Amino acid sequence: MAAGIALRMRARSEQATAATTESPLTRWLLIGTALGFLAVFLFLPLVLVFVYAFGQGISAYLAAFAEPDARTAIRLTLITAAIAVPVNTAFGVAAAWAIAKFEFKGKNLLITLVDLPFAVSPVIAGLIFVLLFGARGWFGPWLHAHDIRIIFATPGIVLATLFVTFPFVARELIPLMQAQGTEEEQSALTLGATGWQTFWRVTLPNIKWGLIYGVILCNARAMGEFGAVSVVSGHIRGQTNTMPLHIEILYNDYQFAAAFAVASLLAFLAVITLVVKSFVEWKSARTHAAVERESQGGGSS
Amino acid sequence: MSHGIAWKQRSVLPGFGLSMGLTLLYLALLVLIPLAGLVLFTGTWITLAEFWDKAVADPRVLASYRLSFGASLIAASLNGVFGLIVAWVLVRYRFPGKRFIDAIVDLPFALPTAVSGIALTTLYARTGWVGRWLDPLGIQVAYAWPGIVIALTLIGLPFVVRTVQPALEDLDHEIEEASASLGATRWQTFRRVILPTVFPALLTGFAMAFARAIGEFGSVYFIAGNMPMKTEIAPLLIIIKLEQFDYVGATGIGVVMLVAAFVLLLVINLLQWWSRRYQA
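If you read the sequences in order, they're chains V and B.
Heads up: the first sequence begins at 63 in this note's numbering, then just goes up one per residue.
Heads up: the second sequence begins at 28 in this note's numbering, then just goes up one per residue.
Chain B with its partners taken away, still in its complex shape:
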């Protein structure tokens, strides 16, 4: 374990070589090489024309992209609004059961998606606890796109709440007092002072919820009804293609979704950098 490497600062602590070596080896074998394999597979086994036909121009595939990205956008927006309210309430107010509420926000991280999937479907089906009240109004949630939005909202919720919460906690009360003493109403203070300050964090949470939603499969699978062209999300279409041994089609859609995920990851990293700079 030599310590003289130029790209690393000197340290008296041991174990850098061992821990870094293990990390890189494991990361390469488990994550990087398999992911690179997907891209390589696309590059060598699939021609551009095939890729275009199967992963871009196919109407069924296009419909699944529209649904996946559209429903994820709506779900992330819902989370942006309600997540901000939940975070605000948890940071600013005292009320009975607050600790319990704060804990349950993390439920979607811990609850398996298959469990939330069957629970939401049962809840919003025509005879379900919530569905039976919506059915007379002509609102169908389960086995239709609103159900997909609800499943995606559930899994994205903690991302917004947990990124906005620290930003609200760090907010300086003095600037709100200053704003009030200058004659601003509470709403003006929120709109002009508080919201701009927490906005980078809110946007980061929104992007995380969106990124999580476009890749989600388990909870959506049960509630969607999975009708081609109508309620079939892109990850499901990958599985369907694989079951039909259409590796080319599955890989093509996989690459499109992977590129979307990487672009979002980049955006999230930039947003986090911006938000840190903003708060500093």
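Here chain V stands alone, though its shape is the one from the complex:
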């Protein structure tokens, strides 16, 4: 399900001959079609967010964040991400270690289970927590008797966010760690390092870039999740609204400039995510090329 989000570790370009490429006209026609499609579907919406956000001047832009409701929404989003991202990073690294470094039966099933939150609609992710912890859910009466609120409160929002962002770090690390194998860890252990030393000094530096990208993608999704959070939040203004839910309220109130101002923060985060991804891919392609050069040089001497 998540093959698309993984970093691409190799890119190859080969010289095409006249027989294996198209006429310049076809080539430019295809490039034009691709660019036109991407412009209409991706580029225009992104540009529109910033144009509308700053359309009424910088003071109107800043005013959108001066509102108390906006501040509580931003605070709640930051709190949610501050819990969901580290927890899912820790479990993502654990899952990737177990899956990538060991051979066991049922591994493919486990990978599918880790991917499961990607396959489930965010609305259903929210629904299952309402059925568990809502007023009429399984644990509803017990929670009510003990005066614990999960649904329509911060814990529900954190739970739903944990659910939808669980696979990101693991999915990023599994292919990377599988490709790296276990030889370096084995050498470290043979030389007397403890398990933790091996992890911190050998494994972590090797997976650093993939981990950073997984964390930042997980963070973007944690801050931007709408469907699942919408179901469990109850939309209580100034209390259980996250940034995406605040955008919804502003937009439905016809406060477009303010809605796009808040949206521009999340869009900016998305752009940063893409920049980090490009940088990480460039970095890993360079390391890859350097390793290949080294091994070729070693072979010829």
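Don't read these hints as lab results, they were simulated from the structure.
Note that the coordinates shown come from a computational prediction; the quantities given were computed from them, not determined experimentally.
Any given hint might turn out to be false.
As the list claims (entries may be wrong) - Calculated cross-link-like contacts (lysine-lysine; reagent style DSS-like; alpha-carbon spacing at most 30 Å):
1. K163(V) to K270(V)
2. K163(V) to K35(B)
3. K35(B) to K169(V)
Stated by the list, open to error - Here are some of the chain B residues that sit facing chain V, going by a computed Cβ distance under 10 Å:
4. P61
5. Y120
6. E204
7. G245
Note that the Cβ used here is the ideal one computed from N, Cα and C, for glycine as well.
Add chain B to chain V, keeping to what the hints say.
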């Protein structure tokens, strides 16, 4: 941490018990038990007759399934065609701004759906940058089903491009040269040699885009207009039922959508297996 378990190969690396234990515990608590709860809830609290009435036979619910699956199918097909072209252009040609284009393909993964939702709605509304050109032609996109298709196309695009791209990169130039030297035109080579080779990957990307589309809520919610029987998608109907405290109705639709998602997950896994075997 014992290493003698039969289902696992021996390894000198430590930490299997700890990492596997944590993973399974977390997975069970966060994902598996809640999902099982949904199925169990359906099994114990809802009778078959109720399930049929509320989640299958209800005309409003049926209309939402038709819309969700229909619009997702169109969107995934659009992505199949244009995603293949984008992947082809990115793998085969050099042109200015290529790196930027390659990076922006991932935008739908990173951009929150609420943001793309309000942006697309504003873009395609009657007075929007694109909508104002379509309106005189009598084409209504926002608050109608074409808007839903556009929102679903946006979120599914990277799946097709990113699954087809590696398959195109792995393609051996020699078989194309062989095809050309045997007298095939470029189009014949594409149709008979290249397309069959990348087809499993294309189909996988299509299925992923489709699966993502049927569950999507955020971006569609803004652009759809959400009129019952007309532009109301199934995930939205779940939320509406929940707001009316109709847990039975919400759960029924949820189970139908969950089963559809699981079937698609199975299909995608089979396709990936097929595609790996095909490329090997």
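* Restraint satisfaction for P61(B) [CB to CB of chain V, less than 10 Å] -> With Cβ-Cβ at 4 Å, under 10 Å, it holds.
* To do: Would you settle whether the hint for G245(B) is holds or violated, based on the nearest Cβ-Cβ distance to chain V being less than 10 Å?
  => 4 Å, holds
* To do: Would you check the hint for K163(V) and K270(V), treating anything up to 30 Å between C-alpha atoms as holding?
  => 16 Å, holds
* To do: Mind checking the alpha carbons of K163(V) and K35(B) for me, to see if they're no more than 30 Å apart?
  => 12 Å, holds
* Against chain V, with CB atoms and a cut of 10 Å, does the hint on Y120(B) hold up? -> 6 Å, holds
* Asked: Is K35(B) within 30 Å of K169(V), Cα to Cα?
  -> 10 Å, holds
* **Interface hint status, E204(B) versus chain V (Cβ within 10 Å)** => With a closest approach of 6 Å, the E204(B) hint holds.
Against the hints set out earlier in the document, no violation occurs for any number.
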